[in-house]
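K.L.:
Sequence:
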Amino acid sequence: MTATERLRELGIELPEVAAPAGAYVPARRSGNLVFTAGQVPFVDGTLAA
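Residue numbering for the sequence shown follows the working numbering, beginning at 126 and increasing consecutively.
Bear in mind the hints are in silico, worked out from the structure with no lab data behind them. Note that CB positions come from ideal geometry on N, CA and C, so glycine has one too. Hints should not be assumed to be uniformly reliable.
Pairwise CB distance ranges (calculated) [stated by the list, open to error]: (1) VAL159 / ALA128: 21 to 31 Å; (2) LEU172 / GLU138: 28 to 38 Å; (3) GLY136 / ASN157: 35 to 45 Å; (4) GLU130 / ARG153: 30 to 40 Å; (5) LEU132 / PHE167: 15 to 25 Å; (6) GLY156 / GLU134: 39 to 49 Å; (7) THR161 / LEU139: 19 to 29 Å; (8) THR127 / VAL168: 34 to 44 Å; (9) GLY156 / LEU135: 21 to 31 Å; (10) ARG131 / GLY156: 19 to 29 Å; (11) GLN164 / LEU132: 16 to 26 Å; (12) SER155 / GLU134: 22 to 32 Å; (13) ALA152 / ALA173: 30 to 40 Å.
Could you build all of it, start to finish, from the sequences and the hints given here?
P.N.:
Have a look at this one:
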């Protein structure tokens with residue numbers, strides 16, 4: 126069973142992914158480290174921070 130099938134079985138509907146507000150790079154790798162920036166959650170189009 127795929128994750129999508131399991132979510133559907135549980136009655137869970139994920140929201141559509143919001144379009145980016147700009148041309149951003151979500152992560153940058155430096156050696157064995159990954160740096161992230163600007164990763165914030167939106168729920169129903171509203172910032173949920």
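K.L.:
If a hint holds in the structure, say so; if it does not, say that too.
P.N.:
Hints, one by one, checked against the model:
1. Restraint check, VAL159 to ALA128: a C-beta distance of roughly 23 Å satisfies the suggested window 21 to 31 Å.
2. With their beta carbons about 20 Å apart, LEU172 and GLU138 fall outside the hinted range of 28 to 38 Å.
3. Distance hint check: the CB atoms of GLY136 and ASN157 are about 40 Å apart, consistent with the given range 35 to 45 Å.
4. Hint check: GLU130 to ARG153, Cβ distance near 34 Å, so the stated range 30 to 40 Å holds.
5. Checking the proposed 15 to 25 Å range against LEU132 and PHE167 shows it holds: the Cβ atoms sit about 19 Å from each other.
6. Restraint check, GLY156 to GLU134: a C-beta distance of roughly 41 Å satisfies the suggested window 39 to 49 Å.
7. Against the hinted window of 19 to 29 Å, the Cβ-Cβ separation of THR161 and LEU139 comes to about 21 Å, which satisfies the hint.
8. With their beta carbons about 24 Å apart, THR127 and VAL168 fall outside the hinted range of 34 to 44 Å.
9. Restraint check, GLY156 to LEU135: a C-beta distance of roughly 39 Å breaks the suggested window 21 to 31 Å.
10. Separated by about 36 Å at the C-beta atoms, ARG131 and GLY156 break the suggested range of 19 to 29 Å.
11. In this structure the supplied range 16 to 26 Å holds for GLN164 paired with LEU132, their Cβ-Cβ distance being about 22 Å.
12. Checked against the hint of 22 to 32 Å, the C-beta distance between SER155 and GLU134 comes to roughly 41 Å, which is inconsistent with it.
13. Between ALA152 and ALA173 the Cβ separation comes to about 21 Å, which falls outside the hinted range of 30 to 40 Å.
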